[in-house]
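Novice: Using the sequences provided together with the hints, build the complete structure.
Each chain, letter by letter, is given below.
Protein chains: 2
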Amino acid sequence: MRKPVIQTSPLAPKTPPEISKIAGVRLATAQSGITYQRRDDLMLMYFDKGAAVAGVFTRSSTAAAPIAWCRQILNDKSKIKAILCNAGNANAFTGKEGEEAVKICAKAVAEAIGCAPNQVIITSTGVIGERLPHENITPHIAAMVKSAAADSKNWHEASKAIGTTDTFPKAISRTAKIGDSAGTDSTITITGIAKGSGMIAPNMATMLGFIATDADLSPPILQNLLTQLNEVSFNAITVDGDTSTNDTLILAATAAAKHKAITRPDDPALADFTTKLLEVMQELAQLIIRDGEGARKLITIHVKGAAHDADAKRIGLAIGNSLLVKTAIAGGDANWGRIIMAIGKAGANIIPQKLAIAIGDIKITQDGKRHQDYDEKTLTAYMQGDDITIEVDLNIAQGQATIWTCDLTERYIAINADYRS
Amino acid sequence: MRKPVIQTSPLAPKTPPEISKIAGVRLATAQSGITYQRRDDLMLMYFDKGAAVAGVFTRSSTAAAPIAWCRQILNDKSKIKAILCNAGNANAFTGKEGEEAVKICAKAVAEAIGCAPNQVIITSTGVIGERLPHENITPHIAAMVKSAAADSKNWHEASKAIGTTDTFPKAISRTAKIGDSAGTDSTITITGIAKGSGMIAPNMATMLGFIATDADLSPPILQNLLTQLNEVSFNAITVDGDTSTNDTLILAATAAAKHKAITRPDDPALADFTTKLLEVMQELAQLIIRDGEGARKLITIHVKGAAHDADAKRIGLAIGNSLLVKTAIAGGDANWGRIIMAIGKAGANIIPQKLAIAIGDIKITQDGKRHQDYDEKTLTAYMQGDDITIEVDLNIAQGQATIWTCDLTERYIAINADYRS
Chain A
1 MRKPVIQTSP
11 LAPKTPPEIS
21 KIAGVRLATA
31 QSGITYQRRD
41 DLMLMYFDKG
51 AAVAGVFTRS
61 STAAAPIAWC
71 RQILNDKSKI
81 KAILCNAGNA
91 NAFTGKEGEE
101 AVKICAKAVA
111 EAIGCAPNQV
121 IITSTGVIGE
131 RLPHENITPH
141 IAAMVKSAAA
151 DSKNWHEASK
161 AIGTTDTFPK
171 AISRTAKIGD
181 SAGTDSTITI
191 TGIAKGSGMI
201 APNMATMLGF
211 IATDADLSPP
221 ILQNLLTQLN
231 EVSFNAITVD
241 GDTSTNDTLI
251 LAATAAAKHK
261 AITRPDDPAL
271 ADFTTKLLEV
281 MQELAQLIIR
291 DGEGARKLIT
301 IHVKGAAHDA
311 DAKRIGLAIG
321 NSLLVKTAIA
331 GGDANWGRII
341 MAIGKAGANI
351 IPQKLAIAIG
361 DIKITQDGKR
371 HQDYDEKTLT
381 AYMQGDDITI
391 EVDLNIAQGQ
401 ATIWTCDLTE
411 RYIAINADYR
421 S
Chain B
1001 MRKPVIQTSP
1011 LAPKTPPEIS
1021 KIAGVRLATA
1031 QSGITYQRRD
1041 DLMLMYFDKG
1051 AAVAGVFTRS
1061 STAAAPIAWC
1071 RQILNDKSKI
1081 KAILCNAGNA
1091 NAFTGKEGEE
1101 AVKICAKAVA
1111 EAIGCAPNQV
1121 IITSTGVIGE
1131 RLPHENITPH
1141 IAAMVKSAAA
1151 DSKNWHEASK
1161 AIGTTDTFPK
1171 AISRTAKIGD
1181 SAGTDSTITI
1191 TGIAKGSGMI
1201 APNMATMLGF
1211 IATDADLSPP
1221 ILQNLLTQLN
1231 EVSFNAITVD
1241 GDTSTNDTLI
1251 LAATAAAKHK
1261 AITRPDDPAL
1271 ADFTTKLLEV
1281 MQELAQLIIR
1291 DGEGARKLIT
1301 IHVKGAAHDA
1311 DAKRIGLAIG
1321 NSLLVKTAIA
1331 GGDANWGRII
1341 MAIGKAGANI
1351 IPQKLAIAIG
1361 DIKITQDGKR
1371 HQDYDEKTLT
1381 AYMQGDDITI
1391 EVDLNIAQGQ
1401 ATIWTCDLTE
1411 RYIAINADYR
1421 S
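So the protein lines, in turn, are chains A and B.
Just so it is clear: in the first sequence, position 245 is 245 by the numbering used here, and no numbers are missing.
Just so it is clear: in the second sequence, position 134 is 1134 by the numbering used here, and no numbers are missing.
Not one of these hints is a red herring.
Subject to a maximum C-alpha distance of 30 Å in a straight line, what follows is the list of computed BS3-like cross-link-like pairs (lysine-lysine):
# : chain 1 : residue 1 : chain 2 : residue 2
1 : A       : K160      : A       : K14
2 : B       : K1354     : A       : K103
3 : B       : K1096     : A       : K377
4 : A       : K304      : B       : K1096
5 : B       : K1103     : A       : K363
6 : A       : K96       : B       : K1354
7 : A       : K103      : B       : K1363
8 : A       : K103      : A       : K77
9 : B       : K1107     : B       : K1153
Since the hints were made in silico from the structure, they are not lab data.
Owing to the predicted nature of the structure, the values given are computational and were not obtained by experimental measurement.
Specialist: See below:
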């Protein structure tokens, strides 16, 4: 079968991000040769003194073998010592043999670093339904443990090793303050890496995200933050509406930084940390959209004035998943009727006469019909850009949501119809 | 803007259907010039002695002006005297002016034939958000009423006039028996016409269907049949998961045929009629899929063994709406992992170990993994065909559903991104 020609997405950031290392985290990569040649496809994230960890996972009812493993060990409440990731094989729909492969990998990592297997998170991404050849993975583990280093270079290599059909690596760092009542703040660092293009890659590229921080936070507080912020970051992006069997987002805290003890997720001392963590998560999520297969335009959909946030999100996703909206934007076509259609099919509480839609700064609707100032030429000119904003105000109540997506081009079809890696 | 080059779908039937006329129904067409040149775009269906009518309509909350009109007049329980349809302008999101345009058209038809306006069904299909120029429609109505004829040639012209981006006209006829207890059967005729390609045409082509019969059935019985059979015909097809503002399906009975009086929808004497009506509806629905924009393959998805029918339909639609499944089929790629993904995201009750998936006659899964006899070459060969069947047995209970869809090709994107008629 032909191989896809990988061209960097035109929406990729022009300059690579500066990545900060995280005290207590070391990383290594290696080449298993399972699917990819001439590149690393294994990533080990090693926490010297362990880490408090939270995770969110795919809601798929055909979730891959590593997902069940992760859910179980996070439930065990042991400190996590390492995360292993392989790219190229999802270990999904692989039956009992797939479950065994997860255990064999976890045991190999545990033996190499001297911990229990249930302290090792296992993640996979790649093709579904093929046996995971763990015998190609385990021989590399001892050397990875030995060579793991904290340098930002290692973070960069890690962000590349977890990719499948990604056309550029995705990493973001931020610093934040965690304060105490005396006004003394400690500086905390957060670094995250991610892979994926929604579900749009030839073999169903999964969304994987690994975020580490040196903050000293307990698993329940981390889980609370992660679950809440995930709704407005990774769960607010859509490329094609498909859901992976392997989606995984991990937040790990090494406690290497010293700061005021935090016992509640709503402690005001966490405000800046929460803001910066959200920035890391939203920027990683947007990088995934910027790498959507065939994408040439980033689309931001703001919905406000809804009966509640869930209705706003429903409308945002109906617009963001509509093939007709996404193809119109791909073609630079001022076909705003398709947005009306998408709003109508969302099943949300709306009053057509109150709908105020704007694309960019251009007002589209009023009183249940086209706005009196609407000029198709102005809208068509705006639609030629590569950063399109759609604003929908339902004018009912205060519910709101923001969704990010990309346009749908012929290249998406070409890649997904013609190629399999 | 460039105009689309209309090529007949490669999935169009090789021979045009034989259309039977219906006693009590006369048809006429005309050219309004609103959107299309050199073709008729107005259709009048005239019931000499009135008709009992049932309807099902889009669930969109931004439904077009004619939808509210139809719902209201069907509620009035007057005998319907005529149906008017215009193609090229949806009269959707057109505010109060749009509602007025519907009333003006209904009044014009009512005056021409001598009935009340609420005996006239109005339907529209085409571009959203543009004022409907009713002044281009009403001048044609008197002549249409005068020239309306019952011939099958008029049915054929009508099936063409209601089309927008359709590449072939869609019409089906069947005869049925409605029996009495003495074993005496009367022959009934059913003829239906439809337009649409799901929601996939440049300006959101609507699904419209008009079915007429000479049976003598009351509106409640017709409504019961239509609602029930619609679920397994027009509501079991998907091209791109989008929902029109204008979807309308009308069933009209002229009572020109004499048969046993029917007072209940479950009267055994209706069995053959119900079967034949379902055939008409399913065949029209499949013709719409065969005209899906860019479609090169018809995909039939059978789901059985589900906890209940709703779960089976949810899974069928998740597969049928998955871009990754539809692009894989477009490319003839044996990428069955995408079916696993789609089943997983459906939110239905499943047990992965019990899933039995077959594509054509080829068994794909067993015991939560790939089937031992699976051979990719055999599946790849099957995937080159233009009629693809996917069978999913959940092996849980007796729920079942069948969904029809088409593949997703680059031509879909090209048409929807680059053109607006």
